[in-house]
Every structure is written in C-alpha cells, then in structure tokens.
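Q: Now for the letters of each chain:
2 protein chains.
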Amino acid sequence: MEQLTSIHNQHVKDWKKLQTKKARQQTGTYLLDGWHLVQEASKAGIELLELIGTADQLVAHSDLTTMAGHVYEVTEEIMKHITDTVTPQGIAAVVTMPDAHRMPAGPLKGAWLFLDRVQDPGNVGTMVRTADAAGFAGVVVGHRSADLFGPKVVRSMQGSQFHLQLFEGDLRKWIADFKSIGAPVFGTQLNPQAKNFRTVNPGDTFALVMGNEGQGMSNELLSMTTDNLYIPMRGDAESLNVAISAGILMFQLNQNLD
Amino acid sequence: MEQLTSIHNQHVKDWKKLQTKKARQQTGTYLLDGWHLVQEASKAGIELLELIGTADQLVAHSDLTTMAGHVYEVTEEIMKHITDTVTPQGIAAVVTMPDAHRMPAGPLKGAWLFLDRVQDPGNVGTMVRTADAAGFAGVVVGHRSADLFGPKVVRSMQGSQFHLQLFEGDLRKWIADFKSIGAPVFGTQLNPQAKNFRTVNPGDTFALVMGNEGQGMSNELLSMTTDNLYIPMRGDAESLNVAISAGILMFQLNQNLD
Chain A
1 MEQLTSIHNQ HVKDWKKLQT KKARQQTGTY LLDGWHLVQE ASKAGIELLE LIGTADQLVA
61 HSDLTTMAGH VYEVTEEIMK HITDTVTPQG IAAVVTMPDA HRMPAGPLKG AWLFLDRVQD
121 PGNVGTMVRT ADAAGFAGVV VGHRSADLFG PKVVRSMQGS QFHLQLFEGD LRKWIADFKS
181 IGAPVFGTQL NPQAKNFRTV NPGDTFALVM GNEGQGMSNE LLSMTTDNLY IPMRGDAESL
241 NVAISAGILM FQLNQNLD
Chain B
1 MEQLTSIHNQ HVKDWKKLQT KKARQQTGTY LLDGWHLVQE ASKAGIELLE LIGTADQLVA
61 HSDLTTMAGH VYEVTEEIMK HITDTVTPQG IAAVVTMPDA HRMPAGPLKG AWLFLDRVQD
121 PGNVGTMVRT ADAAGFAGVV VGHRSADLFG PKVVRSMQGS QFHLQLFEGD LRKWIADFKS
181 IGAPVFGTQL NPQAKNFRTV NPGDTFALVM GNEGQGMSNE LLSMTTDNLY IPMRGDAESL
241 NVAISAGILM FQLNQNLD
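So the sequence lines, in the order shown, correspond to chains A and B. Sequential numbering from 1 applies to the first sequence in my numbering. Sequential numbering from 1 applies to the second sequence in my numbering.
It is worth saying that the hints were derived from the structure and are not from the lab. As the structure is a prediction and not an experimental result, all values here were calculated from the model. Ideal Cβ placement from N, Cα and C applies to all residues, glycine included. Keep in mind that a hint or two might mislead.
Simulated restraints, written as ranges between beta carbons of each label pair [stated by the list, open to error]: (1) B:Met1 with A:His8: 54 to 60 angstroms; (2) A:Gln193 with B:Leu49: 56 to 62 angstroms; (3) A:Asp14 with B:Arg102: 57 to 63 angstroms.
Which residues of chain B face chain A? A partial, calculated answer using Cβ under 10 angstroms [claimed, not checked]: (4) Thr130; (5) Phe136; (6) Gly138; (7) Arg155; (8) His163; (9) Gln165; (10) Asn219; (11) Ile231; (12) Pro232; (13) Met233; (14) Ser245; (15) Gln252.
Make the full structure from the sequences, and use the hints.
A: Have a look at this one:
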C-alpha cells in the first residue's frame, strides 16, 4: 500500500484526468466513486486495478483491499480533488472501461434501448439504470450523446453498467441490424398521430429509441424505424421528462419480468 | 414602471426572501422565474402581482407588461440575485400562492397522487409535472416533504401547478377520506410480496402513494391503504428512482387519456 498526501502527486493527477473523455480513452479506464459502485464492480467480477481510499475507509472495508491490484491511502483533500462529488465517501477505484465500439457477443436478442443525442449525463445514466431494472439486455448510445463513462453518467447509472451491455455507435447501423433479423425498432415522437404505445406487442427482441431532450429523435432515424410511438398525455407535448418517458415505455414494452 | 438598480432596494430584498418558506407563508406569494412559467400563469388566468424584468425582456414581451399589477425594470445583477438560477432569462413574476391547506372544492374525484416525505425538490416537482401529463386531478404532499412552492420544486413543475390541484396535509386523513367514499388507495412497496402493479384496475377515482427516496412509505401509511403495489424488476430494489417509478405507475393506473 502506498500513502499519498499531495494533490500534486502524479497518480492523483492521473485520477483527476479521468474526469475527461480524452484521458479515459487513452488509458481505457474510468473511475468508480463510492462504496456502492466499487462493491457492484467487485460483485460483477470486475478487477479493481487501483483502489483509492482514506485511512478510515480502507480499514472499514479491508475485504476489498485484498482484491485490488494496487491500494493507495489518500487524504480527504485528495478524494475531493479526484471526484466531482461535494462529500465523497472516501473510496474510489480505477477499473477497465469496456470497449463500447466492440461487436456484440452472439446474436442480437432481448430488449434494447438506443439513445439519440441525449445530452444530459443524468438522463443518460438514469435511463441505463431504468433499462437494467426493466430487464433490458443492452443500451446503445449514438454519436453526440453524453459520454457513457463520464463521472455524472457513472453516478446516475448506480452500477447498472455491470448488469447489461453498453455500446456506442452509429444508430443507423444498429437499427438496420435489428430490422435485418426481423426485430421491430420503435421510435418515439411527440406527435399524437404516432402509434399509441399501449397498442404495440413487440415480442422478445426489439429496440426502443429515445431522442434529444429538446428536439426529440432526428428525422433520419424516425424514418428508419418500424413504428414510432406516442404516450397520450394531457396538455402540451413538453410535459414529460425524457427519462420518465423512457421508464414508462420500457416497462410497458418489456413485461417479461412478471 | 419603476426602475431598480440596487440589490439593496427593499423590493429586491423582499423578492430574494421568497426563496424561504417563511417569507412565502407570510406574504402568501411565490416567485415564477422565466418566461415559460410566467406565460403559463398568465394563460391560466393567474394575476401577475409584480412583473420583474430586464429592459430587453420587458420590451420583447410587452403584451405581458400590460397585464401586471406592478412592473419593475431591473438589472441582470438583480435578476441573478433574486432567482437561484445560474443564467436567468431576465423575467420573473410574483403571484399568489394557493392555500395548500384549503378544503378541496367539490367531491373527491379522479386520480390523485400522495407524496409521503419525498425530500428532493426535483423529485417532487417532476412528479407533479408527470401527474399533470398523466391526467391526474391533484397532488397532496404530506408533512416533511419538500415545500411545494420552493424555487427548485417550482422550476421542476414547469407550470403544472396551474393545471391540477395541489394540497399539503395529513396523508392519514386524505387516505381515510378516499376510503370513506369507496375509492381505492394504492401504496407502493419495494417488496415482491406486494401486488403486481399490472394486475390492478383502479376505476376512475383512486389515490397512489409514493414514499421517501431512501425509506419508502411509512409503515403507518402502508397499513392504511387498500393495496400496496410493486413494480417487478430485475436486480435489487434500489433500481428505480422514485420519480421514474411514479411515472410508470401513474400511466399504468390512469389510462383514461387514450
């Protein structure tokens, strides 16, 4: 175990840099902040490359220290510096980031969520977490969405990245792939002329596409889907947050968990 | 029209104070920040007691200035001071706060949402907004929940307070009132032994109770309901945010908008 007390230490600088997409891509790693996430990773069999904790916290959870490649005891000041949390719990870990551009393992199967230019990291993370709860097999984030392994997305996912498959990619290609195996792809549209979401019966393998917070899905993607769905609601079309809409649709379309 | 340039002006101090519950209760008013909210109020026939704007914004929306009791032209510094927004739009209005402890007008009817000690203002506001979209008639906030007319709740409600009835009160009394007219009250519980939410058929008049973010509903309220509902999900019980759960349940229980 190494003890670090200065925020100018090179390790500390490297951890801090993991808040940027560039450093995450260069190193192929990202930071988990807090016990819940570190434990979820450990439960999922993810190797803790580096475990970083305050003295108190490392003692309190000595079971995890034996499982980590390197253990660093740091000050609370360093903890605050490397996380973007106001009151960090005093524990963090560096783990390998899955290659979001890999090919899916095996044939496409189950329920999938596609995100088209969703910008808010909290929305992206909450939708991944909800997809997990709804029993979805995977989430694909299209270009110009919030980065899947940024600190705010990771915090909102609450460990769901360890329970389902996450990808980044060209949604046009993903939609074409689903349609080529006869699986329906459902877009979403703030348009009462679209299909009432309660009237579709998607079967076991399908994809649902959610769009940008302000503008919705792109016209190009809307024209590629099997059907576009609408949630009938009172009042104007801005009445539902995108993460709430996604939750309503995912639990309606995937009822295999009952 | 009065021009104000100092944050030490008494009006400015009074507006700033409306961020506190005490000042809102003493004056019976609250602040709407931004054009969308001011316009929603105006559309709903709510009197704009005081309209506060920067010079540019007052010119751009001169239609509203004629409808306000008093109009104040202020600096951007004052706008920032009285709102808790990082980049305020430059317009705000003081309006009368409905008496949340009044008696409901007419017999209890339609779908209602009860909030038991929901603490996060964003969650409370989002749930009111979602209840509005789902065609609910009203929302009742129990004791020790976030205050309905605090700045963050008001921002998250996005004007839904003008479309449905809002109350504060003792949820034990509200539950008893619904049951006394034969209307079911559905609690929510993170417990697979509770009733699957897809199996209930609530009829036109009912109430749904959502609980605290960490602890859920109180045992006392759970024991008073007609039934307690559960959303079947994968993995552990913490997998759904309370506002997402509320959205899924409200759109399942109230399908009268199709």
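Q: Hey, does the Gly138 (chain B) contact hint survive, CB to chain A under 10 angstroms?
A: Cβ of Gly138 (chain B) sits 13 angstroms from chain A, so the hint is violated.
Q: Is the shortest C-beta separation between Asn219 (chain B) and chain A less than 10 angstroms?
A: 24 angstroms, violated
Q: Quick check on a hinted range of 54 to 60 angstroms for Met1 (chain B) and His8 (chain A), using CB atoms only.
A: 55 angstroms, holds
Q: For the hint 57 to 63 angstroms, verify it against the beta carbon of Asp14 (chain A) and that of Arg102 (chain B).
A: Roughly 59 angstroms apart at Cβ, these two residues keep to the hinted range, so it holds.
Q: Does the CB of Thr130 (chain B) sit less than 10 angstroms away from some CB of chain A?
A: The hint holds - Thr130 (chain B) has a Cβ within 10 angstroms of chain A, the shortest such distance being about 5 angstroms.
Q: If you take the shortest Cβ to Cβ gap from Phe136 (chain B) to chain A, is it below 10 angstroms?
A: 9 angstroms, holds
Q: Are Gln165 (chain B) and chain A close enough, Cβ to Cβ, to be under 10 angstroms, as the hint says?
A: Since chain A brings no Cβ nearer than about 14 angstroms to Gln165 (chain B), farther than 10 angstroms, the hint is violated.
Q: Interface hint check: Arg155 (chain B), Cβ to nearest Cβ on chain A, cutoff 10 angstroms. Holds or violated?
A: 12 angstroms, violated
Q: Tell me if the interface restraint on Gln252 (chain B) is satisfied: Cβ within less than 10 angstroms of some Cβ in chain A.
A: 8 angstroms, holds
Q: Given a cut of 10 angstroms on the nearest C-beta pair, is the interface hint for His163 (chain B) held or broken against chain A?
A: The hint holds - His163 (chain B) has a Cβ within 10 angstroms of chain A, the shortest such distance being about 6 angstroms.
Q: Going by Cβ atoms only, is Ile231 (chain B) closer than 10 angstroms to chain A?
A: Constraint on Ile231 (chain B) satisfied, holds at 7 angstroms.
Q: Mind checking the CB of Pro232 (chain B) against every CB in chain A and telling me if the closest is under 10 angstroms?
A: 5 angstroms, holds
In summary, the structure is inconsistent with hints 2, 6, 7, 9, 10 from the numbered list given earlier, while agreeing with the others.
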